[in-house]
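Visitor: Chain residues, written in single-letter form:
2 protein chains.
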Amino acid sequence: MSVKQEQIKHQIERWIQEHHIRPGDRLPSESALAGQFNVCRTTIRGAIRRLRNEGKVFVKHGSGTFITRNLQTIPSSLDRLYSIGDMIRSAGLTEEQRLEYIRQTACPEEAAEQLEMKKGEPVIQLERSRMANLEPVAHSINYIPVSIAGKTLEAEGFSGSLFQHLEQHAGIHIVGADSQIIVPSPTDVHCQKLLTGPESNVLLLKQIHYDEMNRRVLYSLDYVRSDIFTFWIRRTR
Amino acid sequence: MSVKQEQIKHQIERWIQEHHIRPGDRLPSESALAGQFNVCRTTIRGAIRRLRNEGKVFVKHGSGTFITRNLQTIPSSLDRLYSIGDMIRSAGLTEEQRLEYIRQTACPEEAAEQLEMKKGEPVIQLERSRMANLEPVAHSINYIPVSIAGKTLEAEGFSGSLFQHLEQHAGIHIVGADSQIIVPSPTDVHCQKLLTGPESNVLLLKQIHYDEMNRRVLYSLDYVRSDIFTFWIRRTR
DNA sequence: CAGTGGTCTAGACCACCGC
DNA sequence: CGGTGGTCTAGACCACTGC
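These protein sequence lines are chains Z and L, in that order. Start counting the first sequence at 0; every next residue gets the next number (numbering that gives the first Met the number 0). Start counting the second sequence at 0; every next residue gets the next number (numbering that gives the first Met the number 0).
Worth flagging that the hints you see were computed from the coordinates, not collected in a lab. Do not rely on the hints blindly, as some may be mistaken.
Copies of the same chain are indistinguishable here, so a pair counts whether it falls within one copy or spans any two.
[Said to hold, decoys possible] The list that follows gives simulated cross-link-like pairs (lysine-lysine, BS3-like), each with its CA atoms no further than 30 Å apart:
#1 Lys55 to Lys117
#2 Lys3 to Lys192
#3 Lys192 to Lys205
#4 Lys205 to Lys55
#5 Lys3 to Lys59
The structure displayed is predicted, hence computed values, not measured ones.
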């Protein structure tokens with residue numbers, strides 16, 4: 000999508016290289032670039048937007064577009080939504096999970112609040128402990144309203160990715176989540192399962208997941224060992 | 000900036016209300032809206048982009064723009080960069096800080112790595128303990144290369160916002176940061192200062208701050224009481 | 001003041017979706 | 001196939017910056 004802007008972006012990058020433009024230097028004006036590459040200014044602006052999103056240039060209204068320092072991109076886990084399984088696999092480890100239980104139950108208060116349903120209405124509760132290279136690294140508890148997932152989860156033998164399962168069997172596409180980052184109390188039972196030594200610590204992610212329609216389809220508690228997972232986030236003012 | 004797109008956005012929202020358009024329903028096409036509000040399609044697209052960023056509509060290529068559920072916006076602390084002082088004040092509390100010390104010193108290894116300087120090169124080290132309504136809630140340690148801040152920090156009596164000070168006295172505008180979220184070891188001395196009871200916990204934010212040029216200008220360790228600060232982040236796939 | 005980026009217009013063609 | 005959003009063009013004016 001938008002191949003041209005991408006092409007122009009690379010042309011600009013090559014031009015920068017060839018002309019030995021250094022950090023802090025100004026790029027030619029948008030109109031000049033448009034003339035130079037024989038495209039419309041809109042296209043140039045699209046290319047510059049991409050360069051800016053990649054942190055390679057910054058723009059000052061009224062004075063120009065400037066080169067920033069080269070910037071290595073840091074694989075940040077928190078600005079994008081990845082499942083715990085994704086995170087384990089992307090670290091090059093082999094993921095394994097043990098299904099503690101899956102059952103239909105009455106929705107507890109906290110989950111009900113997040114899912115915007117009434118306490119006690121039926122939900123599917125799913126609890127899994129998760130291993131990387133055979134070592135326990137995380138523990139997940141998921142709540143999905145029965146009105147959303149139907150019986151698909153209980154019926155089929157569930158294994159693997161919950162996101163994928165919801166897409167294939169319920170037609171639900173999770174597109175985002177609001178996540179709260181919490182330090183759980185050491186007395187929390189789920190926490191204790193992960194505390195291997197006195198130096199290990201646990202983080203808790205409470206996440207309410209949305210589909211395209213902003214329907215709240217999944218509430219998760221993910222306990223993760225903080226010596227295994229490091230969470231990064233790029234923040235801007 | 001871009002007043003018109005904002006106006007059109009509100010007109011579309013009003014139109015939705017007046018016509019009792021419900022979640023899942025389709026909006027008129029972009030061309031139709033352009034005709035209806037007597038503006039160019041580009042402007043309509045700008046307005047729709049804003050609505051999409053606010054989570055109020057979603058767009059399907061080839062089929063239309065649709066209303067999502069109403070979505071309350073959650074004040075998330077982590078997608079934008081706020082100073083600790085900002086956070087305290089925005090919670091309606093009165094911020095106070097006690098300057099533990101400010102001195103020029105040899106840069107320790109961890110800070111040097113993040114600031115991309117050599118271990119032992121001169122930095123200004125600043126350590127503050129921070130109170131909200133007279134109760135200690137956070138503890139900040141900041142490292143700024145002397146080559147960046149010069150002597151401005153030692154010379155002037157520093158008080159208040161570090162961001163603001165850097166802007167006014169060194170012309171440095173911090174525009175972003177990469178932040179790592181860590182559960183500190185309970186044996187960490189800075190951690191212990193904040194642990195008031197057995198149930199209180201502490202989060203550590205290690206943050207490397209950038210200016211417009213992506214120069215690394217400030218490395219911070221912010222210990223915050225997790226019973227006082229809750230961190231939210233909206234994640235998308 | 002001249003030059004820059006930010007926005008808006010009017011029109012065209014393309015890529016995708018559902019019938 | 002017609003209608004939708006996605007992109008591109010050419011041109012205009014505005015808002016901001018630095019001299």
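Visitor: Each hint needs a verdict: does it hold in this structure or not?
Guide: How the hints compare with the structure:
1. Taking the closest pair of Cα atoms, Lys55 and Lys117 come within 30 Å of each other only across two copies (24 Å); inside a single copy the shortest separation is 49 Å, beyond that limit.
2. When the C-alpha separation of Lys3 and Lys192 is checked against a cutoff of 30 Å, the pair qualifies neither within a copy, at 51 Å, nor between copies, at 55 Å.
3. Both within a single protomer and between protomers do Lys192 and Lys205 lie at most 30 Å apart by alpha-carbon distance, with minima of 18 Å and 27 Å respectively.
4. Taking the shortest alpha-carbon separations for Lys205 and Lys55, only the inter-copy value of 23 Å comes in at or below 30 Å, while the best intra-copy value is 34 Å.
5. When the C-alpha separation of Lys3 and Lys59 is checked against a cutoff of 30 Å, the pair qualifies both within a copy, at 24 Å, and between copies, at 22 Å.
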